[in-house]
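Residue numbers (my numbering), protein chains in the order written: chain Z, 2 to 216; chain D, 2 to 216.
One or more hints might be untrue.
It does not matter which identical chain is used: a pair holds within one copy or between any two.
Straight-line Cα separation of at most 27 Å, BS3-like style, residue types lysine-lysine; simulated pairs [as the list claims (entries may be wrong)]:
#	residue 1	residue 2
1	Lys60	Lys89
2	Lys171	Lys215
3	Lys102	Lys89
4	Lys38	Lys215
5	Lys102	Lys167
6	Lys215	Lys19
7	Lys19	Lys60
8	Lys60	Lys102
9	Lys89	Lys167
10	Lys167	Lys215
11	Lys3	Lys60
12	Lys3	Lys215
13	Lys171	Lys102
14	Lys102	Lys165
15	Lys3	Lys167
16	Lys3	Lys89
17	Lys60	Lys215
18	Lys165	Lys89
Calculated from the structure, these hints are not laboratory results.
Number of protein chains: 2
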Amino acid sequence: MKIAVLGTGMVGDAIASKLIQLGHEVMMGSRTANNEKAWAWVSQSGPNASQGTFNDAAKFGDIVFNCTNGMGTMEALRQATAEHLNGKILIDISNPLDFSKGMPPSLFVCNTDSLAEQIQREFPETKVVKTLNTINCNVMVNPSLVPGEHDVFVSGNDADAKTKVKEIMKSFGWQNIVDLGDITTARAAEMWVFIWVRLWGFVGHPNFNLHIAKA
Amino acid sequence: MKIAVLGTGMVGDAIASKLIQLGHEVMMGSRTANNEKAWAWVSQSGPNASQGTFNDAAKFGDIVFNCTNGMGTMEALRQATAEHLNGKILIDISNPLDFSKGMPPSLFVCNTDSLAEQIQREFPETKVVKTLNTINCNVMVNPSLVPGEHDVFVSGNDADAKTKVKEIMKSFGWQNIVDLGDITTARAAEMWVFIWVRLWGFVGHPNFNLHIAKA
Numbered sequence: 002m003k004i005a006v007l008g009t010g011m012v013g014d015a016i017a018s019k020l021i022q023l024g025h026e027v028m029m030g031s032r033t034a035n036n037e038k039a040w041a042w043v044s045q046s047g048p049n050a051s052q053g054t055f056n057d058a059a060k061f062g063d064i065v066f067n068c069t070n071g072m073g074t075m076e077a078l079r080q081a082t083a084e085h086l087n088g089k090i091l092i093d094i095s096n097p098l099d100f101s102k103g104m105p106p107s108l109f110v111c112n113t114d115s116l117a118e119q120i121q122r123e124f125p126e127t128k129v130v131k132t133l134n135t136i137n138c139n140v141m142v143n144p145s146l147v148p149g150e151h152d153v154f155v156s157g158n159d160a161d162a163k164t165k166v167k168e169i170m171k172s173f174g175w176q177n178i179v180d181l182g183d184i185t186t187a188r189a190a191e192m193w194v195f196i197w198v199r200l201w202g203f204v205g206h207p208n209f210n211l212h213i214a215k216a
Numbered sequence: 002m003k004i005a006v007l008g009t010g011m012v013g014d015a016i017a018s019k020l021i022q023l024g025h026e027v028m029m030g031s032r033t034a035n036n037e038k039a040w041a042w043v044s045q046s047g048p049n050a051s052q053g054t055f056n057d058a059a060k061f062g063d064i065v066f067n068c069t070n071g072m073g074t075m076e077a078l079r080q081a082t083a084e085h086l087n088g089k090i091l092i093d094i095s096n097p098l099d100f101s102k103g104m105p106p107s108l109f110v111c112n113t114d115s116l117a118e119q120i121q122r123e124f125p126e127t128k129v130v131k132t133l134n135t136i137n138c139n140v141m142v143n144p145s146l147v148p149g150e151h152d153v154f155v156s157g158n159d160a161d162a163k164t165k166v167k168e169i170m171k172s173f174g175w176q177n178i179v180d181l182g183d184i185t186t187a188r189a190a191e192m193w194v195f196i197w198v199r200l201w202g203f204v205g206h207p208n209f210n211l212h213i214a215k216a
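Using the sequences plus the hints, can you model the full thing?
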């Protein structure tokens, strides 16, 4: 599959590398073409890897992963343009973390709205699926880093899109996928990250995840 | 121990009954003395059970459980009075759920503040410990209803108070107690409830809880 990965940070790098490993053609997008990190990634990732602007990548991909920083997400997607996002699945991994008020971060949107909903409202013809934002990027693409059963959320309005996204997640190794419901349930997935940041200190490392234990 | 339980709903009933079962003297408090539910509880709970106003109960208890509805918590504690709460441990189980905007509920405070912090600010001489708000009341007092490992959070500024609260929780059957930190971390515990409400639909019943799976 041709897949765009928007974002050149740790999340973008982890997702793009995993997709290459799984045999996909991947273009990494950033604000400017020939971004240093994107080039570094391409140079070590073989012939199926390429890079360009957010716009180039969105045009290239049949599916688009949003791995940008939450603060920069809307602007990145505007550069990707509705023209290139319409009709496509956008897998949104971003988090609305606000570091401007000190550490640990708060959220710049939550409770009665979410970043995923903001994206869905601005790009109504795009099938936004929120997932994978609740874990560290190493665990995202290698869930077995955390032993035992643990779960990942999926939120989105389009059932077929969620089915396709779940297939990709299964190819990453995910077994327990909790479909929370429509895109408004992304509020829950994003609010988990507020908790995650505080648990990080308790656990002492980022290789942990939540599990829903049930009777 | 002499313990006050503020609130006559399902949470108050579950906590008060468990405390009686464990041999404590318990006074259930409500807005008015001789509340119908409080009387019903007393009549079936034996000689260690009594009831009165929030004020009566707070005066009686060496430790106070806040099991009131989040919307009514501040008013209930004002009726309990700082005089009777000063110097005591207040175990806050309430949740800032706002049902006024329809279902599922949102939170009336979150992210940059919490109900537990509002309580701590208004009653600075009280040792507020947030805990047990993240699970259904049946699981609160009987964690083995959920099989396998699962966790409960504790937040509070006073280390000795948290130690005492953990002892009570252990007497309820809790084994995995995650001390998140000071009272500001109650934001995380309260935000979990937003997620909990949405998971309820996924799980299909309320006997579930989160577990932090870790490497």
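Hint by hint, here is what the structure shows:
| no. | hint | result |
| --- | --- | --- |
| 1 | Lys60 x Lys89 | within (10 Å within a copy, 63 Å between copies) |
| 2 | Lys171 x Lys215 | both (22 Å within a copy, 20 Å between copies) |
| 3 | Lys102 x Lys89 | neither (35 Å within a copy, 32 Å between copies) |
| 4 | Lys38 x Lys215 | neither (43 Å within a copy, 30 Å between copies) |
| 5 | Lys102 x Lys167 | neither (35 Å within a copy, 32 Å between copies) |
| 6 | Lys215 x Lys19 | between (31 Å within a copy, 22 Å between copies) |
| 7 | Lys19 x Lys60 | within (21 Å within a copy, 61 Å between copies) |
| 8 | Lys60 x Lys102 | neither (36 Å within a copy, 40 Å between copies) |
| 9 | Lys89 x Lys167 | within (15 Å within a copy, 50 Å between copies) |
| 10 | Lys167 x Lys215 | both (22 Å within a copy, 23 Å between copies) |
| 11 | Lys3 x Lys60 | within (10 Å within a copy, 68 Å between copies) |
| 12 | Lys3 x Lys215 | neither (38 Å within a copy, 33 Å between copies) |
| 13 | Lys171 x Lys102 | neither (37 Å within a copy, 36 Å between copies) |
| 14 | Lys102 x Lys165 | neither (38 Å within a copy, 33 Å between copies) |
| 15 | Lys3 x Lys167 | within (17 Å within a copy, 53 Å between copies) |
| 16 | Lys3 x Lys89 | within (12 Å within a copy, 62 Å between copies) |
| 17 | Lys60 x Lys215 | neither (43 Å within a copy, 38 Å between copies) |
| 18 | Lys165 x Lys89 | within (11 Å within a copy, 54 Å between copies) |
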